[in-house]
Amino acid sequence: MTDSTVVVRVPATSANLGPGFDTLGLALALHDEVEATLYEPSSGGSAETAEVSVEGEGAGEVPLDGRHLIVATMRRTFDRMGLPRPSGIRLRCVNRIPHARGLGSSSAAICAGILAARALAAEPYAAAPRPDGTAPAAPPSPPEFTDDDVFALATEIEGHPDNVGPCLAGGLTVAWTEPSGVPRMAKLLPHADVRPVVLVPEHRLSTETARGLLPASVPHADASANAGRAALLVAALTGRPERELLLAGTEDRLHQGYRAPAMPRTADLVARLRALGIPAVVSGAGPTVLAFSTGDKQDLIAPEVGNDWHIRPLDVETRGACVVSPETR
53 MTDSTVVVRV PATSANLGPG FDTLGLALAL HDEVEATLYE PSSGGSAETA
103 EVSVEGEGAG EVPLDGRHLI VATMRRTFDR MGLPRPSGIR LRCVNRIPHA
153 RGLGSSSAAI CAGILAARAL AAEPYAAAPR PDGTAPAAPP SPPEFTDDDV
203 FALATEIEGH PDNVGPCLAG GLTVAWTEPS GVPRMAKLLP HADVRPVVLV
253 PEHRLSTETA RGLLPASVPH ADASANAGRA ALLVAALTGR PERELLLAGT
303 EDRLHQGYRA PAMPRTADLV ARLRALGIPA VVSGAGPTVL AFSTGDKQDL
353 IAPEVGNDWH IRPLDVETRG ACVVSPETR
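Heads up, the sequence shown is in the numbering used here, so the first residue is 53 and it goes up one at a time.
Bear in mind the hints are in silico, worked out from the structure with no lab data behind them. Please note that a few of the clues may not be correct.
Listed next, the in silico DMTMM-like pairs over lysine to aspartate or glutamate satisfying Cα-Cα at most 25 angstroms (straight line) [to be verified]:
no., residue 1, residue 2
1, 239, 303
2, 349, 320
3, 239, 74
4, 349, 367
5, 239, 208
Construct the complete structure from the given sequences, taking the supplied hints into account.
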């Protein structure tokens with residue numbers, strides 16, 4: 053029997069970036085790697101099986117069977133492509149993206165699962181012979197599954213596009229939804245002087261908890277203010293990453309204030325950094341803080357951060373998720 057294996061590399065992401073709620077996202081050079089193998093279980097039969105090993109973040113916490121998010125996403129992707137689900141899926145996950153910190157770990161898992169399934173569908177694995185020794189029927193050829201299809205499915209599973217967009221495409225992405233319900237995104241390349249720093253606390257906060265604090269509606273003046281700040285932020289990140297523009301462009305009235313009661317230390321750190329002139333926001337749903345480092349203010353960040361926070365300067369990931377080592381063995 054021949055198994056088919058691919059290795060997928062997916063980046064961390066920071067969504068919202070302050071004013072760009074559910075719209076803006078930035079890919080960061082911190083990656084999870086997933087080795088996905090399709091195999092025929094030795095026991096045979098039609099039951100679906102899964103084996104998962106995890107190193108790093110989430111080890112000892114996430115399911116190691118078919119409930120694992122990547123396994124579930126792969127199966128859903130085979131369904132979407134109109135292909136039979138594989139009998140066996142084996143994963144080896146090396147996780148570096150912190151979980152439940154606002155750095156897109158679930159989006160990374162979803163993107164990894166979809167890309168792994170698409171790559172493996174393009175190279176169908178050789179199934180075991182039938183018990184009578186005859187060759188099994190050839191699997192159906194996979195239909196074309198475009199990058200737009202990948203983005204749409206990832207958004208459907210995740211529920212919003214602001215993390216899956218930059219995870220798939222890299223760089224800075226602007227996402228929106230057409231009246232038909234189809235998600236779209238545009239990729240932009242940030243200026244080379246854009247230097248993100250993530251401040252990661254030990255404590256966690258689920259996205260569901262953070263979203264539950266948001267009101268059903270906001271004042272028109274707040275929505276208008278955020279639209280202007282988001283436009284300014286895109287201009288600053290891509291063309292003029294001056295501290296004053298980044299500071300003004302990261303102001304928010306739509307979500308961070310409402311979520312502050314669930315993460316008071318994060319809200320306090322953001323406020324203190326901004327008072328020092330450092331562009332700082334809540335990363336995604338929190339509790340991580342994203343700051344944009346500038347030469348004249350960089351040394352002011354560390355003294356404001358507690359001992360139970362980790363300071364991680366990161367580059368912008370410009371490539372996005374990719375299959376780095378497809379092979380058949």
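Worksheet item: Checking against the hints above, which ones are violated?
Response: Hints that this structure does not satisfy do not exist here, as all of them hold.
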